[in-house]
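These protein sequence lines are chains A and B, in that order. Last residue of the first sequence: 312 (our numbering), numbering continuous. Last residue of the second sequence: 118 (our numbering), numbering continuous.
Calculated directly from the structure, the hints in this document are not laboratory data. You may find that some hints are simply not true.
Claimed, not checked - Straight-line C-alpha distance at most 25 Å; calculated PhoX-like pairs for lysine-lysine:
hint	chain 1	residue 1	chain 2	residue 2
1	B	K19	A	K156
2	B	K87	B	K29
3	B	K44	A	K156
4	A	K76	A	K287
5	B	K19	A	K238
6	A	K156	A	K82
7	B	K19	A	K222
8	A	K306	B	K22
What the hints assert, rightly or not - Example chain B residues on the side facing chain A (calculated, C-beta under 8 Å, incomplete):
hint	residue
9	H8
10	S12
11	A13
12	E14
13	W38
14	N61
15	K87
16	N91
17	I92
Using N, Cα and C, we set each Cβ at its ideal position, and we do this for glycine too.
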Amino acid sequence: MSMRSIVYCTALILVLGSNASAQWARTPDNTLPRTPDGKPNLAAKTPQARDGKPDLSGVWQSDINPTALPPGVQTVESITGFGAPRYFVDVTADFKPNEVPFQPAAGAQFAQRMQNQGKDDPAAHCQPTGVPAITNLPIPFKIVQTPGVVIVLYEDSSVFRQIFLDARKPVEDAQPRWMGYSTGKWEGDTLVVDSVGFTEKSWLDRLGHTHSNAMHVTERFRRRDLGHLEIEVTIEDPKTYTRPIKYTQKATLLPEEDLLEYFCTENEKDIEHYR
Amino acid sequence: MRVRSSILLFSFCLVLAVMPALAHHAFSAEYDAEKPVKLTGAVTKVEWENPHAWFYIDVKDSAGKVENWGFEMGSPNLLTRAGWGRNTLKVGEVVSVEASRAKSGANIANAKVVTLVSTGQKLFTGSSQGQATR
């Protein structure tokens, strides 16, 4: 291993996309198209599933965006010249300042969370990160696609999500959940996923944007080519926002990579030191 | 909107409001970037477990009194993908650590750079990309 001076937090994020070598012995995937130098060709065409649909399966990680953090928000990474996934930090990052369409109570609750500097973040107390925020984390997730159900395994908190493609209806008066209840259908090359039934406990981002249990999330998954996934997200929650919140999260394939387990309660030592 | 203005004002005051590499919690919930520490000592324990890897060193002050300090790193998953293993840092090894101390005043800190005193090697890398040299 080369030992070079580095600010570790930034380095760790940067290496995730390209130099991942996990706990398993690395298993070459002979089905991957390669460039002449032998590397996986991430620009190769989108793989097809047996049913002819685009195959979203693979291990993915959302892209960091070093130059596009929301105004006024500094992170360790932004100070050192690196970035984080933009919408992981702030789902309203594309709105102009003063134009985030808060309902008044939601704006006040958000301001309170900001003042508390992340101490109330459910993740900081080993609660899960919910949909849609969990996809924006700089932590891998694995999509397993079948004709009837798409399963997403998130390394963060080792949680799963099921997106049913069998035309079922959402459960009436469902028990609110962190992942919600997801149904999907194909529109051309795009998997359109509708999710409802969310607990109000989850945060939309690290800054602490709120939502109600009436939130409706639409995610449009499109695998542009072998190595690139785009997820166009629309958050509709009139109790919290007077207009929909929209953003597009991009993710990159981690070829020949697999998930590790992650249980936050394994050795949690931080909570008692929050100030 | 007035609400947003006050939020922005907050934001500008919130240096280090988030630290995404620490997926478990925001940096500012626990640590103070204005409290840098640089300490040297022998490693007494390594905890290679989620949500954060920790290591501990015995630090001797000028009067000879020994205090044990704990240092938080990223998650073992992140470190693993950066080329680290659970045995990269060994008990007994003397290291020098640059870190940000906890707001609570406890003898714990968030490690930024770890240097092996025997060789001068700086740890926390594994990639030839994106060096933020200090």
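**Request:** If any of the earlier hints don't hold here, list their numbers in rising order.
**Result:** Result: hints 3, 5, 6, 7 and 16 break, sorted rising.
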